Amino acid sequence: MTAPGQEKLVISGLHAAVDGQEILKGVDLEIGRGEIHALMGPNGSGKSTLGYCIMGHPSYEVTAGSIELVEADGTRHDLLAMEPDQRARAGVFLAFQRPMSIPGVRLADFLRHAVTNVRNPDRKEGQELMPMRDFRSELKAKMADLSIDTEFARRYVNDGFSGGEMKRAEILQLAMLRPKFAILDETDSGLDADAVRLASQSIARIGGAEMGILIITHHEQLLEHNIPLRTHVMLGGRIVESGGPELAAELHKRGYERIRAAYPEAAAAERSLQDAATSNAPHPVTA
Amino acid sequence: MATGLHPSAGDSSTIAIGTGDAIGDINKYDFRTDSPAVFKARRGIDAGIVAQISEMKREPAWMRDFRLKSLEIFNSKPMPHWGGDIAVNFQDIFYYLKPAEQQGKTWEEVPDAIKKTFDRLGIPEAERKFLSGVKAQFESEVVYGSLQEDLSKQGVIFTDTDTAVREHPELLREYFGRIIPPTDNKFAALNSAVWSGGSFIYVPKGVKIEFPLQAYFRINAESMGQFERTLIIVDEGAQVHYVEGCTAPMYSTESLHSAVVEIVVKKHGRCRYTTIQNWANNIYNLVTKRAMAYEGAMMEWIDGNLGSHLTMKYPAVYMMEPGARGEILSIAFASAGQHQDAGAKLVHAAPNTSGRIVSKSISKNGGRSSYRGLVRVEPGARKSRSSVVCDALILDDKSRSDTYPYIEIEEQDVSIGHEASVSKIGEEQLFYLTSRGLTEAEASTMIVSGFIEPLVKELPMEYAVEMNRLIELQMEGSVG
Ligand SMILES: Nc1ncnc2c1ncn2[C@@H]1O[C@H](COP(=O)(O)OP(=O)(O)OP(=O)(O)O)[C@@H](O)[C@H]1O
Ligand SMILES: [Mg+2]
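Sequence order for the protein chains is A and B. Numbering-wise, my numbering puts 1472 at position 273 of the first sequence, and it's gapless, one number per residue. Numbering-wise, my numbering puts 454 at position 238 of the second sequence, and it's gapless, one number per residue.
Just so you know, these hints were derived from the structure itself, not from any lab. As the structure is a prediction and not an experimental result, all values here were calculated from the model. The beta-carbon is built from N, C-alpha and C at its ideal position, and this holds for glycine as well. Among the clues, some could well be false.
[Said to hold, decoys possible] Below, a list of computed lysine-lysine pairs in the DSS-like style, where the Cα atoms sit at most 30 Å apart:
#1 A:K1323 with B:K640
#2 B:K421 with B:K483
#3 A:K1323 with B:K614
#4 B:K293 with B:K402
#5 A:K1323 with A:K1341
#6 B:K483 with B:K614
#7 A:K1341 with B:K673
#8 B:K673 with B:K424
#9 B:K285 with B:K402
#10 B:K673 with A:K1339
#11 B:K673 with B:K640
#12 B:K424 with B:K369
#13 B:K421 with B:K599
#14 B:K369 with A:K1323
#15 B:K483 with B:K673
[As the list claims (entries may be wrong)] What the simulated footprint calls covered on chain A by chain B, stretch by stretch (three residues with Cβ under 8 Å from a Cβ of chain B suffice, anywhere in the stretch; the number is not a length):
#16 1255–1268
#17 1280–1286
Same shape as in the complex, but just chain A:
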């Protein structure tokens, strides 16, 4: 539970579907600013889906429940009523498990636009962007912190980036946009051992007391410098168990067998989801 006078992201009773197929089946989660939470769970359990729902991906239909930002004074903001860009301006950020490439658009140009909008939530289209000089010097400093070559800013967004480069670019965006709440969806996957350590340190530095972070991961290293207040386990579209850092260690060592046995209903949901996913898979096209 989060302290009363704290700004928080509150998800309750969340159900969500893709193409009429229900994936999230009642998710409850509260993250306060300054807290770190870890979200684990087997492949296909619905972790990324939760991230997309928080950010407002148009393919994911929320069928029940709510996602709200609750200010320290208790004022509630309904995220579900906002477009993705409004959610970003309200201080929510999602680092993608698979970032999209945008050919022809330079990372720096995109980021300058994004930073301008997020820092001036009331900015109208066509109004001035953040001054180039200020933006450049800030970007340069952040890139140095993350040991990213400045040449990267001139490259097209995620176009031809290696897996690890994409993830580092996501962390760079996190650093520039400084959201109140960030969901990091497997930001450690694709990074080599040194890069994971660096990412772990950077995230801890960027986050600090100002950011509430949900770290979705299959590993432990990212949590090394970001000790989660709570670790949650998702199975079959629900968070079935939450615990301390010892839970992450256990899952990492022993896998999900104990969890599946302890929550047979969720395990059944997991199986039916998997069946649906395989029967929906496109058949190979014969030429």
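Given the coordinates of chain A, work out where chain B with the ligands should sit on it, guided by the hints.
Chain B with the ligands in isolation, oriented as in the chain A frame:
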């Protein structure tokens, strides 16, 4: 006559002839006030009109004969059967208007949409009036004066084609109508009969002009006519980059615009010709552009087409001698009520020639864009190489894009590649950008700018900036 009009011989004779007044009498009219023009142009086209145009321009007999012969060819040629639907009544058009008449419009008559675009592009007051046809002349003598001096010291000729006919008959007679003869197509014939304005450039052997030459620098009342005629001769080892027109919307009450651009690039010469045209939505823009590139020479067309009702334009490079190279990069943006039928033509007429076509089109809001291209390899053009890449981006279900690639190869030992793609703006890309705080409109604009970026970066800096702003304008209101 226009106030402050450049007092070149051609302009004054324009007024005198046709009124029956002696040339010397020109001063008795006070052209600074709105005295009615004495020569009254009439609609339609026939030998009488064509002869009169030639007479008003005080042209030599060879040009008058050329015009009259072209008219016959025009009359005998069928309308092109490809491309768009050309709903033009040739007898309902003014083929020649004196500058003073072109100037007849007032600022109030210019449509609001055009004015708004001027605002958004930050076009200076003086230029706005010129571009919208309110003022016949663009005053930039200051910029131009020193430049002109520099150029003429090196033997460069840069003038309007009307003046060139009078002052450089030997060059004109050798090249005019030789690259694109009036027999080439109906609209080339029409232009040959009634042409007016356009640029003439001659770059002598070995002279390399380092900065882009712009039509802007050339001051002439007729510089933005309906039937411009441009001729560029790049002599051996010489180099020029010419930038035609500008990105501001060109507004005209006449609906048919049909230009001809002829270019010769001699041995080891280089020429780059950049155009960005942004016509008002009522315009038929039917242009013939062709360059001949000789031994080791390089010709590049960079062509941006926005606006207009129908544009048909296929810049061509004929590679005439070994080692010649041709490149055509084009961008087309078609929105509601617009059809961009644009493309390119590469003809390999000699061994070891190489060509490249890159075409990008965007269709939005019911707009239609077509790529129409021809790569031809003549017999004997061994070891020729050509590559064609055309990518289309369609922004919604109402819009359309077609590709008509023609390849004619009459030689074995060649390498020709063709790639085409049609794509839509992906929901995933939009979501990625909007999740970082960009509105959907900003995100689509960014994706579109990214799509054409490989070509935009070839433009001179200020044109690249304006091109991006134009794309923003075109994209406005596209997402609802
Ligand atoms: N756009 C979609 N279309 C169809 N099915 C989808 C879509 N997105 C998710 N799913 C399905 O929903 C289920 C949950 O997917 P999700 O990506 O949320 O899992 P995850 O927990 O993030 O898994 P992983 O650990 O492999 O990243 C899967 O069965 C998946 O196939
Ligand atoms: Mg996932």
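So, going through the hints one by one against the coordinates:
Between the alpha carbons of A:K1323 and B:K640 the distance comes to roughly 26 Å, so the proposed pair stays at or under 30 Å and holds. Simply put, B:K421 and B:K483 have alpha-carbon atoms about 10 Å apart, close enough for the 30 Å limit, and the pair holds. The suggested pairing of A:K1323 with B:K614 holds, with an alpha-carbon distance near 28 Å, which does not exceed 30 Å. Distance restraint check for B:K293 and B:K402: the Cα-Cα separation of roughly 6 Å lies within the 30 Å cut-off, and the hinted pair is therefore satisfied.
At roughly 27 Å between alpha-carbon atoms, A:K1323 and A:K1341 fall within 30 Å of each other, so this suggested pair holds. As the CA atoms of B:K483 and B:K614 are separated by approximately 48 Å, the hinted pair breaks the 30 Å bound. Our distance criterion of 30 Å between C-alpha atoms is met by A:K1341 and B:K673, whose separation comes to about 27 Å. Annotation: proposed proximity of B:K673 to B:K424 holds, straight-line Cα distance about 22 Å (limit 30 Å).
As the CA atoms of B:K285 and B:K402 are separated by approximately 13 Å, the hinted pair is consistent with the 30 Å bound. Simply put, B:K673 and A:K1339 have alpha-carbon atoms about 24 Å apart, close enough for the 30 Å limit, and the pair holds. Between B:K673 and B:K640 the alpha-carbon distance is near 22 Å, which keeps this suggested pair within the 30 Å criterion. Straight-line distance between C-alpha atoms of B:K424 and B:K369 comes to about 13 Å, which keeps the hinted pair within the 30 Å bound.
Between the alpha carbons of B:K421 and B:K599 the distance comes to roughly 29 Å, so the proposed pair stays at or under 30 Å and holds. For the hint linking B:K369 to A:K1323, the alpha-carbon distance of about 51 Å lies beyond 30 Å, and the restraint is violated. In summary, the hint linking B:K483 to B:K673 is supported, as the alpha carbons are separated by about 28 Å, within the 30 Å threshold. Counting residues of the stretch 1255–1268 of chain A whose beta-carbon sits less than 8 Å from any beta-carbon of chain B gives 4, enough to reach three: the coverage restraint holds.
Counting residues of the stretch 1280–1286 of chain A whose beta carbon lies closer than 8 Å to any beta carbon of chain B gives 4, which meets the minimum of three for the stated coverage.
Of the hints listed earlier, those the structure fails to meet are numbers 6 and 14, in rising order.
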